[in-house]
Structures are given as C-alpha cells and as structure tokens.
Amino acid sequence: MTFIFIILSILLIIGIFFNGLGSIGLMRFPDVYTRLHAATKCTTFGSIFTSISVIVFGFYFWKVSGDSKYGVLALHTIVALACLIITNPTGAHAIARAAHRSGVMPKQAVIDDLKEADLE
Amino acid sequence: MKKSIFGIALIFVLAFMILAAFDMRPFGEPTVSEMDDYYIQNAQAETGANNVVTSIVFDYRGFDTLGEATVLFTAVLGITALFREVVR
Amino acid sequence: MKGEMSIIVKTITKLIYGFIMVYGFYVIVHGHLTPGGGFQGGAIVASAFALLVVTYGNQGVNNYLKKDVFSLVESTGLVLFIAFAFFGLGVTFFYNFLANSGGLFGNPAIIGVNPGDLNTGGTVPIMNIAVGLEVLAALTVIILTMSAASEITKEKEN
Amino acid sequence: MIDNFPYIAVAILMGLGFYTLIFKKNLIKIAIGITLIENGANLFLITLGYRKGSVAPIYTQAPEGANMVLPTPQALTLTSIVIGVATTALILSIAMIIYRKYGTINTDEVRRLKE
Amino acid sequence: MSPMVAFVHIAVLVMMIIAAFLAVILKNLLSAVIALSAASLLLSLEFYLLHAPDVAIAEAGIGAALTMAIFIFAIRATKK
Amino acid sequence: MSQFVNIFLIPGVLLMIFILISLFRLILGPTVPDRVVALDTINTLVIAGMILFGAAFDSIIYIDVAIVYALLSYIATLYIAKYMERRTKDK
Numbered sequence: 001m002t003f004i005f006i007i008l009s010i011l012l013i014i015g016i017f018f019n020g021l022g023s024i025g026l027m028r029f030p031d032v033y034t035r036l037h038a039a040t041k042c043t044t045f046g047s048i049f050t051s052i053s054v055i056v057f058g059f060y061f062w063k064v065s066g067d068s069k070y071g072v073l074a075l076h077t078i079v080a081l082a083c084l085i086i087t088n089p090t091g092a093h094a095i096a097r098a099a100h101r102s103g104v105m106p107k108q109a110v111i112d113d114l115k116e117a118d119l120e
Numbered sequence: 001m002k003k004s005i006f007g008i009a010l011i012f013v014l015a016f017m018i019l020a021a022f023d024m025r026p027f028g029e030p031t032v033s034e035m036d037d038y039y040i041q042n043a044q045a046e047t048g049a050n051n052v053v054t055s056i057v058f059d060y061r062g063f064d065t066l067g068e069a070t071v072l073f074t075a076v077l078g079i080t081a082l083f084r085e086v087v088r
Numbered sequence: 001m002k003g004e005m006s007i008i009v010k011t012i013t014k015l016i017y018g019f020i021m022v023y024g025f026y027v028i029v030h031g032h033l034t035p036g037g038g039f040q041g042g043a044i045v046a047s048a049f050a051l052l053v054v055t056y057g058n059q060g061v062n063n064y065l066k067k068d069v070f071s072l073v074e075s076t077g078l079v080l081f082i083a084f085a086f087f088g089l090g091v092t093f094f095y096n097f098l099a100n101s102g103g104l105f106g107n108p109a110i111i112g113v114n115p116g117d118l119n120t121g122g123t124v125p126i127m128n129i130a131v132g133l134e135v136l137a138a139l140t141v142i143i144l145t146m147s148a149a150s151e152i153t154k155e156k157e158n
Numbered sequence: 001m002i003d004n005f006p007y008i009a010v011a012i013l014m015g016l017g018f019y020t021l022i023f024k025k026n027l028i029k030i031a032i033g034i035t036l037i038e039n040g041a042n043l044f045l046i047t048l049g050y051r052k053g054s055v056a057p058i059y060t061q062a063p064e065g066a067n068m069v070l071p072t073p074q075a076l077t078l079t080s081i082v083i084g085v086a087t088t089a090l091i092l093s094i095a096m097i098i099y100r101k102y103g104t105i106n107t108d109e110v111r112r113l114k115e
Numbered sequence: 001m002s003p004m005v006a007f008v009h010i011a012v013l014v015m016m017i018i019a020a021f022l023a024v025i026l027k028n029l030l031s032a033v034i035a036l037s038a039a040s041l042l043l044s045l046e047f048y049l050l051h052a053p054d055v056a057i058a059e060a061g062i063g064a065a066l067t068m069a070i071f072i073f074a075i076r077a078t079k080k
Numbered sequence: 001m002s003q004f005v006n007i008f009l010i011p012g013v014l015l016m017i018f019i020l021i022s023l024f025r026l027i028l029g030p031t032v033p034d035r036v037v038a039l040d041t042i043n044t045l046v047i048a049g050m051i052l053f054g055a056a057f058d059s060i061i062y063i064d065v066a067i068v069y070a071l072l073s074y075i076a077t078l079y080i081a082k083y084m085e086r087r088t089k090d091k
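Each protein sequence line maps, in turn, to chains A, B, C, D, E and F. In terms of the working numbering, the first sequence has 78 at position 78, counting the first letter as 1, and numbering is strictly consecutive. In terms of the working numbering, the second sequence has 47 at position 47, counting the first letter as 1, and numbering is strictly consecutive. In terms of the working numbering, the third sequence has 146 at position 146, counting the first letter as 1, and numbering is strictly consecutive. In terms of the working numbering, the fourth sequence has 70 at position 70, counting the first letter as 1, and numbering is strictly consecutive. In terms of the working numbering, the fifth sequence has 15 at position 15, counting the first letter as 1, and numbering is strictly consecutive. In terms of the working numbering, the sixth sequence has 80 at position 80, counting the first letter as 1, and numbering is strictly consecutive.
Looking at chain A on its own, in the form it has when it is part of the complex (with noise of 0.2 angstroms):
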C-alpha cells in the first residue's frame, strides 16, 4: 500500500510542478510566440504525468481488488490522455501560424524565415 503510495506521489508532484511552470510562464515571458512555448508545452507535458498516475491508480486497484471498474477507468483515461496529445500540438501550431500572419512579430526578432520563404 505504501509503495503504491509513493509512486502515485512521484508522478503527481512531477505533473503538478510542470503544470504550475506553465502558468507562471504565461504570466511571465514578454511577447506571444515565448508564452506559447512554455503554456503549450509545460502543460501538456504535466498533463501527461497527472493522467499517467491516474491510469497507474487504476490498473493497481483492478489488479489488488479485482474489481472491473477501476480497469474501465484506466482505460478511458488512456483515451482522454491519446486525444490530449493529438489535438493540442495541432492547437498551438495553428495559433502561432495566426499570429505570425496577423503582423504580431516577436519582442527581439533578428531573422524573419517565415517571411523570407513566403509559404503560401
């Protein structure tokens, strides 16, 4: 119990710790194109832990109590979790591409490719 106990523990405060990066990094960086790399990433990737001990929880008690449900459990978070990682990358990729078409430039930009390769 106790062991399980810790894992779970591990997984969340790795989850949690991203997640809390994330905001702060929405609230602290200086222009679009730096708050989209540490919201998107950070909280995806804290995502994927939080939901990764929620899944752990679930096979464990399926295995200790053989009860069905904590599996049916385990399993829609797997599908929760395969959805979250195909639509948010997609998410973020279609913002940055907006906002770099709608004029917004970024806070100290040197080099423009985008621009320069003009990819109609």
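Don't read these hints as lab results, they were simulated from the structure. Ideal Cβ positions, reconstructed from N, Cα and C, are used throughout, including at glycine. Not one of these hints is a red herring.
Listed below are several chain C residues computed to face chain E (Cβ distance under 8 angstroms; list not exhaustive):
1. 35
2. 36
3. 146
Only pairs whose alpha carbons sit at most 20 angstroms apart, straight line, appear in this in silico DMTMM-like list of lysine to aspartate or glutamate:
4. D:52 with B:29
5. B:3 with D:108
6. D:52 with B:37
7. A:63 with F:58
8. C:67 with B:85
9. C:66 with C:151
10. A:69 with C:117
11. D:101 with C:155
12. C:66 with B:85
13. E:79 with F:85
14. D:101 with B:85
Among the chain C residues that face chain B by a calculated CB cut under 8 angstroms, a handful are:
15. 99
16. 127
17. 131
18. 135
19. 138
Let chain A serve as the given structure and place chains B, C, D, E and F on it in line with the hints.
Positioned in the frame of chain A, the structure of chains B, C, D, E and F alone reads:
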C-alpha cells in the same frame, strides 16, 4: 434621462436577486422531493434504463422533448428562410 | 484551394474527424447507460462537421456535405420520434411498450448498481437515436448555412 | 454566507447579462448578454438539485450505497441548453441580415436609418 | 463537504464571474467571444463538480465548438 | 481508500490556483493571440483537473466529460486562428 431610469431599475433587480440569494435554503440541502425519489427508486424497474436522467427526458417527460424538437426544427426553418436568397 | 488551413492541420483532421464521429455515435447509442444521450451525441457529431468546414473551407466541403441530405435526415429523426411516441398509444402517449418485454432492447435491467447491459431500456435507446439524428442534422444545417452566408457577404463587399 | 455562494454567483451573472442588454448598443454584444443570462438560469437549476454527499443519478458503476442528486432539474436543463444554441443562432442570423440591409449593427443608427 | 471541495467550488465560481465580466467589458468583439468561451468552459467544470455529468457533456459539446463557430461567422460577416 | 481521495484532491486544488494565474493573462493580454494562448492553457488544465476529480470522487463515468473536452476544445482554437489569418489577407 432614459438611461438613468434603466440604471435604477437594474440596481433594484440586482438588489432583489441578491437578497433572495441570502434567503434561499442552504446550498446542498434541497427540500424533500417525493417525485425525484420516486424516479430514482423506480426508473430502473419501469423503463429498464440505468441512466435516470435519460429515462426522465425520453419517457416520463417526453412532451418536453417533443417541444424542444419542434423549437429546434423551427429555428432551422427560420435561418434557412432568412438566407434564402443568399444561399442557393 | 482558397480557405484551406495548413498541411499539418489537414493531416490531423483526416486522422481525428472519424474518431469524433464514432465517439459521438457511441454517446448516442449508450445514452441509457453512461452520461450522454441524443442531444449530447448529436452536438458532438455536428462539431465533427464543423471541424471539416473550418479545415477545408466552405467550397471544399460543398460537394460532400449537402444541405438537402441533412434536411432529410432531420425530418426523418423527428418523424421517427413522433412515431415511436404514437406506438404506445394503446396505454398512453409516450408509453414505453418495449421495456421488460424480452424483445429488441427489452431485457429487464438489474436493480441496483451494475456494469450495465446494452440490450435494456425499451424505447429509450430508439428515441435517443431519433433525437440524435435530428439534433446533428439541425446543427449541421445551421453551421453550413451561416458559413456560406458569411462567405458571400464578405465577397459582395470587396 | 459561504453556503449561499452559488446563488450569489447566479445573481451576479444574470445582473451582468441584464446590464449588457440595457446599456450596450452592439447587436453581437446583446447576443453575448443573452447567452450569459441563459448560463445563469442553467446554473441556478442545477444548483437547486444538488444534495451534499451524493453522486450522479446513473446506476452504471456508481459507488455502492450513496445517495443521488435530484434528476429532474438536470433533465430540464438539458433541453434548455440545446434550445439556447438554436435561439442564439437565430439572433445572430438576424444581426447578419440587418448588417446587409443597413450597413451597421449599432441599434441607435439602425433606428435612425429606419425613419 | 470537505473544505477542499468547498474551496474548489468557490474558486471555479469566482473565475467564471471574472470571465463573464471580461466578456461584457472588452471592446474588441473577438476578445469578448474568447472570454465567453472561457466562461462556458468553467461553467461546464462547475456542472461537473455538482455531479451533473449529462449537463456537463451537453455544455461541453455545444459551448466549446458550436457557439464559438456561430459567433465567429457573425463577427466575420458584420465586420467593417 | 480515504487517503487516495486526498492524494487526488490536493493536486486538483493546486490546478485551480494555476487556472487563476492563467486567467490573469486573459485579463491583461494586450493582443488577441495572447488571449487565445490563455484560453488554450485553461483548456488543458481543466481537462487534467477533470481526470483528477473523476478519480477522487470514485465515479468512473465522469471521465467521459474529459474525453469530450479533449476532442472538441481545439476546434474553437482553429476557428479563431482561421479568422485571424483571413482578416489580414483581406486587407
């Protein structure tokens, strides 16, 4: 002038709503509702559905859902009629 | 083509729109066991069509998503709903004549907490499907009509 | 005080909606105000049906031996939400038609142009 | 109700009121609609905490995608 | 079992605080893309919170709400992104 009258009316409505909010029963302790208890106890045996909310929506209170479907149909009809010359 | 989004978004859309539709139909069919039902599943499937509209643009989906077909589906759902309400008229309007009869969707449910059996519920799953068809078609018609209207209004100004 | 907090939240939400309806001139802002009032009404209905220490009224894989919250307000709110999106779509369609006829969606200017 | 759950209720309601306030006062219509979407998201979380998953799914499916799509079509068609 | 309720509730409370921090970017954000980034962050945090509360309340079926949000939240982002792209192209 008109704006100030509206403002006073808004303040009155807001004050009455907040006073009523303090007078309500405490959050989390609703009055005893025999109808809801009947639904919770007998819905599984009578309709055979595990989800009590769905059995209320489609069985006990089907007329509500019929009205809802009619409203949705009418809204779609209205939108299609508004844009009849724009969209072929 | 005009109005499309970038290649990454198109690839992910091809990957995921079928999954959204399948999940929506899962929510509709399992409406009497898990949270969900006709309204929620219909809204999810309509969101999948909205995803197609935003990714491929209005002209891109014009050949595949026809408004006439969706109008037909909407009317079918409404008629199916009212028909199954009339079938119970031997006792009363909206009588659940299929429950506990042993036929289609007719198994008696286990009383108390249980994992759930899909073959229960009587007319509740059938009405879920009917309302789901109606809601998905209605919301999709709203999305397609407003998208085309905003497009044409924009072009007329320029 | 703290026990009645959801009701106070409902009052503030509906007050914001009424403020938008009365003092804003833009038709899209008015649609936003109507959506806020709908949200307040839905939240009020669901809050009325909440019982402390209960679970959702679904028997599939629920915890053993727990009370259930009242199911009827949830069923009524369900229909209310779908009707809400249909009416919002109708309001916005009428706003689009008004823009095509008059060239503006400010209510004062529309009223002046009509006379 | 444990104090932690009570705290979560109050935090979600306060955040929802802040988002609704933003939806009213912001001048830019697109920003106002984004704030409205955030308010709808937090309202769905509140339904979830009040043990109403049916209503939470309905609010999620309609408030997340469809309301946003309809408002953006209208803003696009009425922009000067 | 009771200690497992607390182990999932404490991270949920912390996630609420992080959502509050992200909401300040929605208030402050000078441009529209800043606000969209804030909305996206709130979405992700709310999905994580929903999964944690579902485990804490011991109700398995609640996880479906998180799946629906994870699938649908990015459609709104795509609509805003397309609107911002188009508006500059029209000018």
